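S.K.: Sequence:
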Amino acid sequence: MSFYVYMLKSVNKSNITYVGYTNNLSKRIKLHNMGKGAKFTRGRKWKLIYKEKLSTKNQAISREYYIKNNRILRNKIKNNIK
Numbered sequence: 000m001s002f003y004v005y006m007l008k009s010v011n012k013s014n015i016t017y018v019g020y021t022n023n024l025s026k027r028i029k030l031h032n033m034g035k036g037a038k039f040t041r042g043r044k045w046k047l048i049y050k051e052k053l054s055t056k057n058q059a060i061s062r063e064y065y066i067k068n069n070r071i072l073r074n075k076i077k078n079n080i081k
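Position one of the sequence shown corresponds to residue 0 (numbering that gives the first Met the number 0), numbered consecutively onward.
Derived from the structure by calculation, the hints contain no laboratory data.
Only a predicted model underlies this, so the values are computations on that prediction, with no experimental measurement involved.
Hints may be right or wrong, so weigh each one.
Listed next, the in silico DSSO-like pairs over lysine-lysine satisfying Cα-Cα at most 27 Å (straight line) [unchecked claim]:
id, residue 1, residue 2
1, K50, K38
2, K46, K29
3, K56, K29
4, K44, K67
5, K29, K50
6, K35, K67
7, K67, K77
8, K75, K29
9, K12, K26
10, K26, K67
11, K12, K35
12, K56, K75
13, K8, K38
14, K77, K46
15, K8, K29
16, K46, K56
17, K29, K52
18, K35, K46
19, K8, K56
20, K52, K8
21, K35, K8
22, K26, K38
23, K67, K52
24, K50, K77
25, K77, K35
26, K75, K12
27, K56, K67
28, K44, K29
29, K67, K38
30, K29, K77
31, K44, K12
32, K8, K44
33, K29, K67
34, K75, K8
35, K8, K50
36, K8, K77
Per label pair, the in silico range of CB-to-CB distance [to be verified]:
id, residue 1, residue 2, range
37, I71, K29, 29 to 37 Å
38, V10, N57, 28 to 36 Å
39, R70, M0, 24 to 32 Å
40, S1, L30, 14 to 22 Å
Built from N, CA and C at the ideal position, the CB exists for glycine as well.
Using the sequences plus the hints, can you model the full thing?
M.R.: Listed below in structure tokens is the structure:
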């Protein structure tokens, strides 16, 4: 089974991003946009700006943590998607 680390960007406020991981990317994005995703994402509309496919859940969790805590990388991803 593959896992994805992804970054979403708020449609309404372009400076807000969210990083997560999942094994079903399309379903997870739908849940975020329906207000049933992570508590932080509720009440906003999101678009996918980055995804990365990984082999294991542990790799996905580690990569998600790295991206969430590396502001330079996170801003680089966000700014390259204009």
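S.K.: All hints, please: hold or fail.
M.R.: Verification of the hints:
no., hint, in the structure
1, K50 <-> K38, "holds (21 Å)"
2, K46 <-> K29, "holds (10 Å)"
3, K56 <-> K29, "holds (21 Å)"
4, K44 <-> K67, "holds (20 Å)"
5, K29 <-> K50, "holds (15 Å)"
6, K35 <-> K67, "holds (21 Å)"
7, K67 <-> K77, "holds (12 Å)"
8, K75 <-> K29, "holds (25 Å)"
9, K12 <-> K26, "holds (23 Å)"
10, K26 <-> K67, "holds (21 Å)"
11, K12 <-> K35, "holds (19 Å)"
12, K56 <-> K75, "holds (25 Å)"
13, K8 <-> K38, "holds (15 Å)"
14, K77 <-> K46, "holds (12 Å)"
15, K8 <-> K29, "holds (14 Å)"
16, K46 <-> K56, "holds (23 Å)"
17, K29 <-> K52, "holds (18 Å)"
18, K35 <-> K46, "holds (15 Å)"
19, K8 <-> K56, "holds (23 Å)"
20, K52 <-> K8, "holds (18 Å)"
21, K35 <-> K8, "holds (16 Å)"
22, K26 <-> K38, "holds (16 Å)"
23, K67 <-> K52, "holds (16 Å)"
24, K50 <-> K77, "holds (12 Å)"
25, K77 <-> K35, "holds (23 Å)"
26, K75 <-> K12, "holds (17 Å)"
27, K56 <-> K67, "holds (16 Å)"
28, K44 <-> K29, "holds (10 Å)"
29, K67 <-> K38, "holds (16 Å)"
30, K29 <-> K77, "holds (20 Å)"
31, K44 <-> K12, "holds (9 Å)"
32, K8 <-> K44, "holds (9 Å)"
33, K29 <-> K67, "holds (21 Å)"
34, K75 <-> K8, "holds (13 Å)"
35, K8 <-> K50, "holds (12 Å)"
36, K8 <-> K77, "holds (8 Å)"
37, I71 <-> K29: 29 to 37 Å, "holds (30 Å)"
38, V10 <-> N57: 28 to 36 Å, "holds (32 Å)"
39, R70 <-> M0: 24 to 32 Å, "holds (30 Å)"
40, S1 <-> L30: 14 to 22 Å, "holds (18 Å)"
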